[in-house]
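Sequences listed follow chains V and D, in order. Residues 1 to 112, numbered by this note's numbering, are exactly what the first sequence covers, in order. Residues 1001 to 1117, numbered by this note's numbering, are exactly what the second sequence covers, in order.
Everything labelled a hint here was simulated from the structure, so no lab data went into it. Treat the hints with caution; some may be incorrect.
Stated by the list, open to error - With a Cα cut of at most 16 Å, we get these calculated EDC-like pairs of lysine to aspartate or glutamate:
#, chain 1, residue 1, chain 2, residue 2
1, V, Lys99, D, Glu1059
2, D, Lys1014, D, Glu1087
3, V, Lys67, V, Glu3
4, V, Lys99, D, Asp1098
5, V, Lys67, V, Asp27
6, V, Lys42, V, Asp83
Computed from a predicted model, the values in this text were never measured in an experiment.
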Amino acid sequence: QKEVEQNSGPLSVPEGAIASLNCTYSDRGSQSFFWYRQYSGKSPELIMSIYSNGDKEDGRFTAQLNKASQYVSLLIRDSQPSDSATYLCAVNRIDSWGKLQFGAGTQVVVTP
Amino acid sequence: GAVVSQHPSRVICKSGTSVKIECRSLDFQATTMFWYRQFPKQSLMLMATSNEGSKATYEQGVEKDKFLINHASLTLSTLTVTSAHPEDSSFYICSARDQGGGSSPLHFGNGTRLTVT
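Just chain D, same shape as in the assembly:
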């Protein structure tokens, strides 16, 4: 099945620094990837849709200048949390489809647990 690799799995950073999270599709090309965030005991909240070769589309309430998304190739999307603060501490998960159709299921990376101190 489709494999989505996410790195790092865990990161601790100081308040005010930036953190980059990578999401790779290992055995397929993904023109679109999705970035989710999950706070403890809450469901996944879609942050943005990452489109290869174009600007990402952000969900309402998500600051595009704070959460920078780059989708420079068909197999790699990155999420950079800029000037991180403790309230940004969360579980960030990327996902992608291995087929072009929008009705097929999403495959998720293993997630990145971000802790901002």
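This is chain V alone, in the form it adopts within the complex:
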């Protein structure tokens, strides 16, 4: 079992619709969770971080965390063509150096 799992996609979303991305993790002791966006050929950029159960909203993005289910999700409202990218879920492994474990990423394609 992979430590961080995501559907690879591609997830096709009409412009203006909501994109819903899911991520599960295996380490029950994980404490910090992040969503990164990566455009093709570029390095990842941080979108959201979430540390406690519940929802966290930032603009058009909402992260949801459920530690009991070991599940974290990202919603993108009013999707735009510029949101087309690969979204990486990352989890903080419990060790003194705080290394991040990444999922394989979900490719999102927003169609005009």
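With chain V fixed as given, assemble chain D onto it according to the hints.
Showing chain D alone in chain V's frame:
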């Protein structure tokens, strides 16, 4: 926000040569930096953790003698790919935190695309 600068952004080298990649934290001090590698259509794989003033810690399966890491100051870590071969062609990305806490997010450099011919 925290800025991590990586250089060069792209390098092409011949098989058997060595390539050095630099990673700098521009507006903060980073006692720890992380080096990742990404092959096409795959996720980021952690290669090693670079610690200022001490030896790097390598992930399982990563050859420490091939991928030399030096973290000589609080703002600079270097990765040297020695005796590069075509299978080392990949996208190498460094990252660091701008806070001491392990729970804060990582900030990434722009990456270095290495092509070994």
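Given the proposed pairing of Lys99/V with Asp1098/D, does the C-alpha separation stay at or below 16 Å?
Cα-Cα ~14 Å, so holds.
Is the straight-line distance between the alpha-carbon of Lys1014/D and that of Glu1087/D 16 Å or less?
Roughly 12 Å between the alpha carbons, so the hint for Lys1014/D and Glu1087/D holds.
Given pair status - Asp83/V, Lys42/V, alpha carbons within 16 Å
Measuring from Cα to Cα gives roughly 14 Å; hence the hint holds.
Restraint check for Lys67/V with Asp27/V, where alpha carbons must lie at most 16 Å apart
Holds. Lys67/V to Asp27/V sits at ~10 Å (cutoff 16 Å).
Are Lys67/V and Glu3/V close enough, with their CA atoms no more than 16 Å apart?
14 Å, holds
Decide if the proposed pair is consistent with the structure: Lys99/V and Glu1059/D, CA atoms, cutoff 16 Å inclusive.
Holds, at about 11 Å.
Hint compliance for this structure: every hint is met.
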